[in-house]
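S.K.: Residue-level listing of the chains:
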Amino acid sequence: MDVKLLTAEPTADERAAVDARLGPPSSAWDGGLDRTPRDLHLAYGGKSQRDRRHLLLPALQALQERIGWISEGGFGYVCERLSVPPADAWGVATFYMMLATTPRPKRVLHVCDDIACRIKGAKAACDGLRAHHSPPLAHGVVGGHGDARPGTHVTLNEFHGAWTTSPCLGLCDVAPAALYLEAGKAPVERSLGDVTSDAAMGLLGGGAEPADVLAPAPLGDPTKRVAPHDGTHIGSLGERRLLKRVGVADPTSLASYRAHGGYAALDRAFALGPEGVIKELNDAKLLGRGGAAFPIGRKWEAVRTQPERERYIICNADESEPGTFKDRVLLTGDPFAIVEALTIGAYAAGCSKGYVYIRGEYPLGAERIQGAINQARAAGLLGENVAGRGFAFDIEVRRGAGAYICGEETAIFESIEGKRGEPRNKPPFPVQHGLFDKPTIVNNVETLANVLPILVEGGAAAAKIGTAQSAGTRLFCVSGHVGRPGVYELPMGATLGELMTLAGGVAGTGTLQAILLGGAAGAFVRPDELSLKLTHEDTRAAGVTLGSGVVVAFDSSVDMKDVLLRIAQFFRDESCGQCVPCRVGTVRQQESLVRITTGKPLGGVSGELALLDEIGAAMKDGSICGLGQTAYAAIESAIKRLQLVRA
Amino acid sequence: MTMPHLKLVQLSRPTREPKRMIELTIDGRAVSVPEGSTILNACQALGIEVPTLCWLETLTPVNVCRVCVVEVEGARVLAPSCSREVEAGMKVKSRSERVDLTRKLVLEMLASSVDLSTSPGMAEMLAEYGAAPERFGECETVAQPVKVDNDLYVRDYAKCVLCYKCVEACGEDHQNTFAIAVAGRGFHAHISTEFAVDLPESACVYCGNCIAVCPTGALMSKREWELREAGQWDESKQTQTDTVCPFCGVGCTLTLHVQEGEIVKATSPLDNDITVGNLCVKGRFGWRHVQNGRTPSAS
Ligand SMILES: Cc1cc2nc3c(=O)[nH]c(=O)nc-3n(C[C@H](O)[C@H](O)[C@H](O)COP(=O)(O)O)c2cc1C
Ligand code: SF4
Ligand code: SF4
Ligand code: SF4
Ligand code: FES
Ligand code: FES
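Protein chains in written order, with the numbering used here: chain C, 1 to 647; chain Y, 1 to 299.
Everything labelled a hint here was simulated from the structure, so no lab data went into it.
Note that beta-carbon positions come from the ideal geometry of N, C-alpha and C, so glycine has one too.
Hints should not be assumed to be uniformly reliable.
[Unchecked claim] The calculated SDA-like cross-link candidates involving lysine to any residue, where the alpha carbons are at most 20 Å apart (straight line), are: (1) Y:K222 to Y:V250; (2) Y:K104 to C:G607; (3) Y:K91 to Y:D198; (4) C:K426 to Y:G137; (5) Y:K147 to C:V142; (6) Y:K93 to C:P427; (7) Y:K147 to Y:E201; (8) Y:K104 to C:Q629; (9) C:K353 to C:E396; (10) C:K426 to Y:S83; (11) Y:K91 to C:P428; (12) C:K600 to Y:D198; (13) C:K426 to Y:K93.
[To be verified] From the structure, some residues in chain C lie toward chain Y, with a derived Cβ separation under 7 Å: (14) H145; (15) E308; (16) V584; (17) V587; (18) D613; (19) D621; (20) V645.
Modelling step: build the complete structure from the supplied sequences, incorporating the hints.
M.R.: Now the structure itself:
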């Protein structure tokens, strides 16, 4: 393969940013500035260079963070360094929403206008910005049939900063939320809460860089909050197993983690041996918390028994399901627990390398988990000889770049491999053909967090918590119109009403209109369903789902049709675009909802609803992955369970 | 792509070791096919017709269009027959209410967003499944101006169904040039060069192997496009003659499409052992000098 390169040259800054991530070029063959006599006689690169393809996304991110966008020169340099054909890399660069391929100012504010923020003032904040600052940056790609062309972007000198709307940032507890990004040599990334248009304009007009709403977490009073923000709460019904250390132990200190029971589970794992560990997990009946509720023991066992020796374990910290922020609390509040759990998984299933794939919108989480990995490595708890037990294991953090779909387990593989985050058709399953085509475990953050108490308590004891079919405790992310939005740990089997009470009851108008359970891929429940037990079996029987533990409460003032339209927008924005039912279906679904909500249904409301149902059926049955398969779920439930639209 | 590698395309060549045979039933009929076969292969063995759009025997299946879906007993969702490998004891329905509904909707979704006017067989497929794309009313499409940026072929992405075939042909599966890729995301996903540069500035070598696999006419030789624009393209007046490309010693089989004494297109048969349907710029476009004295040019 001959890589034809663009002619634009990188600037010194662009070179520096890429070299800082990839290391300096080895010769003129991969982008070095000086051609040595040796270079004229030897060809470098080839396979060894192409094997670094997996560094494509990190290299593009390095440009984005340093410059604020990816120019032709910088882009071409990355392609040259990694020997990736430019068209191929272009496909990757234009897939991720946090990467810009048209000029942008250094400061960009990503203002969440997703459901939980929208009902708490985000709409007003965005309207204010539109009226008094500028239109939002358009998402879109030069050359496509999308609505964005370079001409529609704001000119660079007009403002200090620009803004854009964003899907859920995983900060619903501090809604309305935003993510502040400032490109530069020392890039600034901050999570913001309680955003107003005035505050946003202050920042974009050159105001001082803001403090992160999540840091530093005050320690000592776990009943109150994890952050110096009155809106962020953690709580529990009964004993805390997953939130035990959050707000109590210092998340930046291995010593503090150990003082609060850290690494007891790894010792136990070594005593049990790999099969013993898996037996405990099976006894505990632990099901995955990432949405699909797959038994973790079976997954680990399937990888453990593969003939292939090269195996991987991945912690799925992409957490982008609207309304979900429980993993964020664990990542920022108890990061060593994730490192320990991954180490146990690696030991049990024989993996030598782990990844934490964390969404790009979680700067503090990424910092904390990287810090925990560094400390664990320095203490010999990661590396060539973990804890002196003679097994090698290390963990790398990979940051996402703005793509909900990259939380889908096979899309994670593609993303880590340096490709567009397009899910693979299953089978084959990840336990056989996963990352780099090798057997791979993917587990959600909360699932992994469960491994530690299970090993310490013993699987049988852990299974006694919760119900027979839904064992253990679960984290719920409560947001919207409640008194104390936050993350709550409940034994499964507690009711939705108990959870609402724990979270301070209905706020806003004080009258509940509906609850979104499980996320945008979940379903709506009615105010008369608060006695619903939060278990897999009870939610299934009621035709809803626990999903990722999302509970968004809507008071009587909320325009639910606006909420539905936002959900429809979310799915069309986040579809990877690979398969027809989802790529076009999510658009047709949105158009149909617009017609219904604007009073222009085709063939009357009943005709339009029948059409919508067929679109939904094709998406559910014909799509490649869970995104398309569930894109109609919440909308269908609003129509059929809430009777929001009547024929 | 991970890295380009040589792929032997198995067409009529015998396999070295006899493969294990897998037995399954399709529409209640038993069939036995070699291990590693797809459900589509098994359907073809039984003479059961399954519509396909993104599948081609010379390309790696990408299973994205979903018109080939079938019902596999016990599975939660439908399976793409073009890529799903057979398993012993599988029970497959090639047609059912669910299958037909999804196929109909997929065809309606495509026909309502893409110009399918030069897509062979599409009208028949739409009729077969009772697809009525006008049901969606006024809706978003991929309409856009045709890209005419070189003398050899045009790219009319208003006709593109995003089947990924051209990307595969240009990249790993055949050409290893990687001049084009899928860019953007969701409904705005599209085929593009880097920064949407014109073809002459891209890595394209004008082999036209992307044109050869495009199922919709979105990619079309300039001559065919001109004739169509002028209303003079008439396949009923065309003959196809196989010959051997005169340019080099490889000796690719060339099929010349001739309309009223003029060569209007050159292709190569998909089942040809040497070309697998591929040619280079000379074979694909180098015939013009035969009739008008101009030399082939790529710019
Ligand atoms: C569109 C989509 C997005 C997903 N996002 C996430 C995510 O952000 N985090 C997560 O843990 N699982 C997510 N999942 C589920 C994963 O595919 C996978 O089932 C899960 O990570 C497995 O871990 P578990 O068994 O521990 O739950 C997503 C699935 C789909 C279809
Ligand atoms: S269902 Fe949607 S997100 Fe999933 S592969 Fe298909 S287009 Fe992509
Ligand atoms: S003509 Fe050949 S090189 Fe050019 S885009 Fe098509 S397949 Fe690729
Ligand atoms: S241009 Fe043709 S071959 Fe390429 S994706 Fe579109 S329809 Fe398929
Ligand atoms: S952060 Fe805005 S909806 Fe979740
Ligand atoms: S032909 Fe099978 S999915 Fe397209």
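S.K.: The structure should be examined with respect to each hint, and the outcome stated for every one.
M.R.: Outcome of the hint check:
1. Y:K222 to Y:V250: Given pair Y:K222, Y:V250 is violated - Cα atoms ~26 Å apart, limit 20 Å.
2. Y:K104 to C:G607: Measuring from Cα to Cα gives roughly 17 Å; hence the hint holds.
3. Y:K91 to Y:D198: Since the Cα atoms of Y:K91 and Y:D198 sit roughly 49 Å apart, the hinted pair is violated (cutoff 20 Å).
4. C:K426 to Y:G137: Violated. C:K426 to Y:G137 sits at ~34 Å, over the 20 Å cutoff.
5. Y:K147 to C:V142: Holds, at roughly 14 Å.
6. Y:K93 to C:P427: Roughly 18 Å separates the two Cα atoms, so the pair holds.
7. Y:K147 to Y:E201: Holds - the C-alpha atoms of Y:E201 and Y:K147 are around 14 Å apart, at most 20 Å.
8. Y:K104 to C:Q629: Measuring from Cα to Cα gives roughly 17 Å; hence the hint holds.
9. C:K353 to C:E396: Holds, because 8 Å separates the two Cα atoms, which is no more than 20 Å.
10. C:K426 to Y:S83: The hint holds at about 10 Å.
11. Y:K91 to C:P428: 18 Å, holds
12. C:K600 to Y:D198: At roughly 42 Å apart (the allowed maximum being 20 Å), Y:D198 and C:K600 break the hint.
13. C:K426 to Y:K93: 19 Å, holds
14. H145: Interface hint status for C:H145: holds (5 Å vs cutoff 7 Å).
15. E308: Not OK, violated: C:E308 not within 7 Å of chain Y, min 16 Å.
16. V584: 4 Å, holds
17. V587: Given a least distance of 5 Å, the restraint on C:V587 holds.
18. D613: 10 Å, violated
19. D621: This hint holds: C:D621 lies near chain Y, its Cβ roughly 5 Å from the closest one there, short of 7 Å.
20. V645: 17 Å, violated
Figure legend: structure checked against the earlier numbered hints; hints not met, in rising order: 1, 3, 4, 12, 15, 18, 20.
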